[in-house]
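Protein sequence lines, in the order shown, are assigned to chains L and U.
With this note's numbering, the residue at position 136 of the first sequence is 448, and numbering never jumps.
With this note's numbering, the residue at position 58 of the second sequence is 62, and numbering never jumps.
In case anyone wonders, no lab produced these hints; they're calculated from the structure.
Treat the hints loosely; a few may be bogus.
Cut-off 27 Å, straight-line C-alpha distance, at most; resulting in silico cross-link-like pairs (DSS-like, lysine-lysine) [to be verified]:
1. 58/U - 424/L
2. 351/U - 537/L
3. 443/L - 145/U
4. 58/U - 591/L
5. 145/U - 464/L
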Amino acid sequence: MKRILVLALVLLSAMTFVFANASGESTYPSQSIELVIPASAGGGSDIMGRLLIEIIQDLKLTNQTIVPVNKGGGSGSVGQAYVNSKSDPNYTIFTINDGHTVGGNKAGTIPKDNFTMLASVGVDNVLFVTKADSPYQTYEQALEASKANPMKLTVGCADDIDKVCVYNINTETGAQFNTVYFNSAGEIATAILGGHIEFGMFNPSECAGLVEGGQLKAIATMAEKRLGAPFADAPSFVEMGFKDLVYYFSRGMLAGAGMSREAQLWWSDAFAKVCASEKWQNYCNQNGIENRYMNCDDYRTFYLENEKMLLETAKKAGAL
Amino acid sequence: MSNFALLAHGFVTAISPMNLFACLIGGIIGILVGAMPGIGAVAGCSLLLPMTYKMNPTTGIIMLAGIYYGNMFGGAYSAILLNIPGDSSAVMTSLDGYPLTRKGKAGQALFNANISSFIGGFIGILFLTAMGPTLAKVGLKFGPAELASLVFMALTSIGWLLGDDPITCLIATGIGVLLSTIGIDQSSNHFRYTFGSMKLLAGINFIPLVIGMFGLSQVMEMLEPEDPSKQGHDYAGKLRIRDSFYSFKQFLQLLPVMVRSAILGMFVGFLPGAGGTTGAFLSYILEKKIGRHKKEMGTGVLEGVSASEAANNAAAAGAFVPLLALGIPGSSTTAVLLGGLQAWGLKPGPLLYEQEAEFVWGMTASMYIGNIMCVIAGILVIPILMRILKVPKKILAPIIIGVCVIGSYSVGNSIFDVEVMIIAGIAAYYMKKCGYPMAPIVLAFVLGPIFELKARQALEISNCNLLIFVQKPISAVFLGITVILCLAPVVMNIVKKAKAKKA
């Protein structure tokens, strides 16, 4: 008798579980969500990831909690491996940028049918920077000097994307810049200021303080048009006549492979609201990011094309 | 206005009740996270950073800076009492701190650690106040080649200067360097020693390794059957707080050690990417070369504790130099603080001193106050800390194991780190039995990657011309010192033998 009772109880609890799950399916999300930040706590990517969570909660888009999980290392691949290890693809999302796209391909953490694209949240600009009192006050001067001394002038790079950019600059403008790898943009800045290297690739937020302070000077931007202050003096490569030399560093949101269409659309919509918020716009302004939302389908098309371009160039540049 | 007049203004900002409170809280949290193995200043600051977003920036940074230097105080406690460095920069503290505990002088060691931390921190902040922006310019002179040579000097010294047997030391150094190469190599994109494992891609984390090698292996030793000839864990015998203090005369004897270690530590602290661990290590070596008790270093002398603690606290202050003057972080903790500065809407960079004078000087002033608060708190907790020694082994051991597991898990919320900790612990236990010292492994693990990265950058800049290391004067000097350090024992031996022959 006792055994039957226990069995009945177990069955009952199992049934409630099934029903709970079934009823949960209708209103996504029905449980807490992990937002994986493939970077260590405190850095730029971490601040951005946590801000996204804050805005989602401010806008009350869901009652479920969103837990930030920091998984830094391996150019994003450690975080991606963690996402792949999750059994339910519907409740883990993560931040991605172009550097991590290359990193994931290098480490082999991109699933066979790729991740599920949710939304693009913005694009970052890339600047070609030198010391304020350097002998190369314009890109033309730098170009001439690099042609005269091939591989003698050095550009500091903090990731594969920077190397891809320098490769493109070299092939499009005929320059012969040498690249050196540094751990962070801060280290590149130190090396330029100390006169150990001549140039560096920076995002606007990484060098704004030093440019305003008159220590560094941006002499070219990879964007189509010039950026606002304090970079307004830096012409774009397009302006200088290299019309194919355009690049934006894209930042977006992905989920593990196999996320349901319903969940994907929910997030695509949620990030539309996030990107329209004042808080996100302020963050973008402060960090020189262009607020560029794309829904999940547009982003997917863009992402796959962009990935292909990045990998091809990275291979040619010897970064893959 | 001179810097010190500005500092006086800063004190007005720093002694507002809210800022004093933030400073006290930061210092206490810092001491706590420092004393807990695994949770260091980086983790402490990044966990609390989001909390400070809503604060006034000055209050926020006062609290976070408090965590940073409080951590340097706290790291010494577990190193001295249990031979488990609470933070990587306290590794050198354990070399003399723990033997002091075994001699029954734990109280004096703790007291001395606090005083040395205070003096070191004070000198570091003094330099920061007087010549922050100037020092930052000196730091810039250290490019990849110079740093590579500096670290090379430190790396080669490990074998000769720690422990009794150079051979085992060199082997341990080699193991440390090898362990540090595991993972994906960022600059060449090669996978090294990952054996196809996803988990090894990011390499081995430093904290689980240290916790395992020092903490877990220490517990295993603790659990060995009692050796009746030894006193065992009974070195807590007579614990009186009065025995902890030392005389003013003793303080005056230790003061020169603290001052020279602090200056060296400060200097290493503001170099890009060198950090407090390197600073403490170089100061310890300096003491071992020129100190009054150079022969007894490592057997439990107060000078060893002073050198390490004064240096790592000064280095913590030194790391603020490039952060404030240029907006470039000098250590991983200041990198977190840089994130904070940006989140508070401040623009770190050379204009910070002019545009945000209240912020910069308020924070600098609070560091003086915080340093005093930490030393008082540190001395007050000595009696409580000493009780740890009275806890019976059978209770203490499981608690330490628990702390080890939690500490390594909390690094990246990953069970893999716990596995690393356990393997490192067991390996370390047997290596220690065979006479291999642990400190060289840890130091080489920290220094190896810095050397590799910097040497590679230097070679990339020079298009693989090795002469870059001797063409740069600063680099050449370091290499010269390295040669002298390596050859000195050999030459001395020859001279000795020649003299013996004559006689």
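Results of checking the hints against the structure:
no.: 1; hint: 58/U - 424/L; verdict: violated (43 Å)
no.: 2; hint: 351/U - 537/L; verdict: holds (24 Å)
no.: 3; hint: 443/L - 145/U; verdict: holds (14 Å)
no.: 4; hint: 58/U - 591/L; verdict: holds (14 Å)
no.: 5; hint: 145/U - 464/L; verdict: holds (20 Å)
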